[in-house]
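Chains as they are written, first to last, in this note's numbering: chain A, 1 to 278; chain C, 1 to 292.
Just to be clear, a hint being listed does not mean it is correct.
Unchecked claim - The following residues of chain A were derived to be distant from chain C, with all beta-carbon distances above 12 Å:
1) G53
2) A56
3) A204
4) A218
5) F221
6) W270
As the list claims (entries may be wrong) - Covered stretches of chain A (chain C as the covering partner; in silico rule of three or more C-beta atoms under 8 Å from a C-beta of chain C):
7) 35–47
8) 249–262
Stated by the list, open to error - Here are the computed distance ranges between Cβ atoms for each label pair:
9) C:L138 / A:G93: 50 to 56 Å
10) C:T14 / A:A243: 58 to 64 Å
11) A:F94 / C:A273: 23 to 29 Å
Source of the hints: derived by calculation from the structure; they are not laboratory data.
Where is the CB? At the ideal position from N, CA and C, for every residue including glycine.
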Amino acid sequence: MAKNFLATAMIWLVALLISSVFLYLLSDMLIHGMARLSLAYLVDAPLDAGRSGGIAPIIVATAIIVLIAITAAAPLGLATAVLLTEFTRQKSGFGRFVEHSLDVLASVPSIIFGLFGNAFFCLYLGLGFSLLSGGLTLACMALPILIRTAVEGLRSAPDDYRLAAAALGMTRSAALLHLLLPAAAPALAAGLMLGIGRAGAETAALIFTSGYVDRMPASWFDSGRALSVHIYDLAMNVPGGDASAHAAALVLILLLFAINSLAMGLTRHWQRGRIHSI
Amino acid sequence: MTLSRHNILSLSHTDEILAALLRLCALLSAAIVILILLFLSSESWPVLQHVPLTRFLSDASWHPTQGLYNIAPMLSATLLSTLGAILLATPLGIASALFSHYYAPPALATWHRRIIALLAGIPSVVYGFWGLTTLAPLVGRLHPPGVSLLTGILVLTLMILPTVALTVDAALAGVPNVYLRGAVALGMSRWTMISGVVLPAARSGITSGIMLTTGRALGETMAILMVAGNVVQHPHSLFDSVRTLTANIALEMAYAMGDHRAALFATGLALLAMVLLLVSIAEFFRRDLVHG
Numbered sequence: 001m002a003k004n005f006l007a008t009a010m011i012w013l014v015a016l017l018i019s020s021v022f023l024y025l026l027s028d029m030l031i032h033g034m035a036r037l038s039l040a041y042l043v044d045a046p047l048d049a050g051r052s053g054g055i056a057p058i059i060v061a062t063a064i065i066v067l068i069a070i071t072a073a074a075p076l077g078l079a080t081a082v083l084l085t086e087f088t089r090q091k092s093g094f095g096r097f098v099e100h101s102l103d104v105l106a107s108v109p110s111i112i113f114g115l116f117g118n119a120f121f122c123l124y125l126g127l128g129f130s131l132l133s134g135g136l137t138l139a140c141m142a143l144p145i146l147i148r149t150a151v152e153g154l155r156s157a158p159d160d161y162r163l164a165a166a167a168l169g170m171t172r173s174a175a176l177l178h179l180l181l182p183a184a185a186p187a188l189a190a191g192l193m194l195g196i197g198r199a200g201a202e203t204a205a206l207i208f209t210s211g212y213v214d215r216m217p218a219s220w221f222d223s224g225r226a227l228s229v230h231i232y233d234l235a236m237n238v239p240g241g242d243a244s245a246h247a248a249a250l251v252l253i254l255l256l257f258a259i260n261s262l263a264m265g266l267t268r269h270w271q272r273g274r275i276h277s278i
Numbered sequence: 001m002t003l004s005r006h007n008i009l010s011l012s013h014t015d016e017i018l019a020a021l022l023r024l025c026a027l028l029s030a031a032i033v034i035l036i037l038l039f040l041s042s043e044s045w046p047v048l049q050h051v052p053l054t055r056f057l058s059d060a061s062w063h064p065t066q067g068l069y070n071i072a073p074m075l076s077a078t079l080l081s082t083l084g085a086i087l088l089a090t091p092l093g094i095a096s097a098l099f100s101h102y103y104a105p106p107a108l109a110t111w112h113r114r115i116i117a118l119l120a121g122i123p124s125v126v127y128g129f130w131g132l133t134t135l136a137p138l139v140g141r142l143h144p145p146g147v148s149l150l151t152g153i154l155v156l157t158l159m160i161l162p163t164v165a166l167t168v169d170a171a172l173a174g175v176p177n178v179y180l181r182g183a184v185a186l187g188m189s190r191w192t193m194i195s196g197v198v199l200p201a202a203r204s205g206i207t208s209g210i211m212l213t214t215g216r217a218l219g220e221t222m223a224i225l226m227v228a229g230n231v232v233q234h235p236h237s238l239f240d241s242v243r244t245l246t247a248n249i250a251l252e253m254a255y256a257m258g259d260h261r262a263a264l265f266a267t268g269l270a271l272l273a274m275v276l277l278l279v280s281i282a283e284f285f286r287r288d289l290v291h292g
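Construct the complete structure from the given sequences, taking the supplied hints into account.
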């Protein structure tokens, strides 16, 4: 009996501890970040290595990198997911090979993606330190998440749809376009949000692919500094950059919270929809 | 009986084209991993060609510009910080998952899960920054300099805790309900039910989750780079500054040339090998879960 009571107390204590550390971290970021955050901070260019001024070019560079990553990864991911769910048997050799290599890809550390991106996109393909190199590196990173969510979404579309489509003599392409993809749309959107969140949070893979330059990028072949790289640089290499780093961290956290909440909301909506349709 | 040339379930001409296109895309997705291995190997080849592997552990120090490639101190820093973080995060993560499954009232459990999901979404650079500005001064008050193995372990723990909690949560959800009803019917107390029925039943899932998390901790770069101090040395106490393999790559890639650069790619390759080994072990446990 004493053991049972002790366990209950410990588990409540751990839950309390986790929540309080979370609140501590969040309030810390909020209090220090708000001190520096203003509209001017969002629309100005950084001055004095980022100690003063704003983060406008950095936000633009981050947006371009994430956009490139998603534009490259989404079609590839969707096509792979469709192949895995609709065009191969679950036990087929090719399908298993693809799924297994994606599992491996999902576990590759981000710094390794950075090394690979540097060797492949920057040097081998000759893209140099550019937003394009960074975006494509992140595309490789986000691919497994996009595929996994899309596969789940497609697998949960009822088999009745496929049978009915076949009975009506629809081609599989038509069934896919008119029935299965619309049915899986919320899951696809949620996966897209998760991919964007993953790409936006990334630092290590970007340091030596998209680089450090904090000017406004003129094209996607320009080097550009992502928000997370900006935080790292201010905290580690710029004495007196903490105030600006706090504000940048707050902006990044708020953006990611918004994106993740959207993803969670979409998933909930999608699961509710599924229960109704049964 | 009429035999149509096409079975209704066979692919039409349009579908054949689409299938070929999709197959190409899937092949491309699957090829990325192979491409990564290929480029990592080819970039590290120059140094692996004329430096025997044993020298990476037996050289006098890490001075790659002078041809000295001892990565042992950084390897020990990586292994110690990962071990420390796993030892701390595993019990905390399991307790957190138990809390939201068996202890918290439903409304509180939802909130707790939401907090864990949000913690999982915070980028590693923010954890590192928070560790640097808040945790490091606290540890420094105990024993200077503050940026140390201990701070690294604490930040890493915080980072992987949500992953442990989420995977254990999923493993607990997979425990069949009849087990729980049986345990309750036998009049077990809650803790007896958990320690005697739930945890053994979810053991494979939990182990697999912990292996995957260990892989993540090994590969983590930014957070540990910002709080561990980055001095290349074997730590003698928890308060010593250390540099992990990942931090070393991030710090030196910017200016590394020739053999130095190749040596960094070689450490990357070693890191990837360790992570892939852990993933295979996790896969083994997961398969065990499916069959058992």
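Practice task
Decide, holds or violated, for the assertion that all CB atoms of chain C are farther than 12 Å from the CB of A:A218.
Solution key: 23 Å, holds
Problem - Non-interface claim for A:A204 versus chain C (Cβ beyond 12 Å) - result: 4 Å, violated
Practice task
Apply the coverage criterion to the segment 35–47 of chain A and chain C: a residue qualifies when its Cβ sits closer than 8 Å to a Cβ of the chain, and three qualifying residues are needed.
Solution key: Not satisfied, violated; 0 residues make the cut.
Handout entry: 12 Å Cβ clearance of A:A56 from chain C
Key = Holds: least Cβ distance 20 Å, greater than 12 Å.
Problem - 8 Å C-beta criterion, at least three residues: is the segment 249–262 of chain A covered by chain C - result: holds (count 6)
Exercise for the section: Quick one: work out the minimum CB distance from A:G53 to chain C and report holds if it exceeds 12 Å, violated otherwise. Expected result: The claim holds: A:G53 sits with its nearest Cβ about 19 Å from chain C, beyond 12 Å.
Practice task
For A:F94 and C:A273, compare the CB-CB distance with the range 23 to 29 Å and indicate the outcome.
Solution key: Since the Cβ atoms of A:F94 and C:A273 sit about 26 Å apart, the hinted range of 23 to 29 Å holds.
Practice task
Given the range 58 to 64 Å, decide if the beta-carbon distance of C:T14 to A:A243 lies inside it.
Solution key: 60 Å, holds
Practice task
Could you say whether the range 50 to 56 Å given as a hint is met by the Cβ separation of C:L138 and A:G93?
Solution key: 54 Å, holds
Exercise for the section: Compute the least Cβ-Cβ separation between A:W270 and chain C, then decide whether it is above 12 Å. Expected result: Answer for A:W270: holds, closest chain C Cβ roughly 16 Å.
Problem - Given as non-interface: A:F221, which should sit over 12 Å from chain C by C-beta - result: 20 Å, holds
Violated hints for the displayed structure, listed by number in ascending order: 3 and 7.
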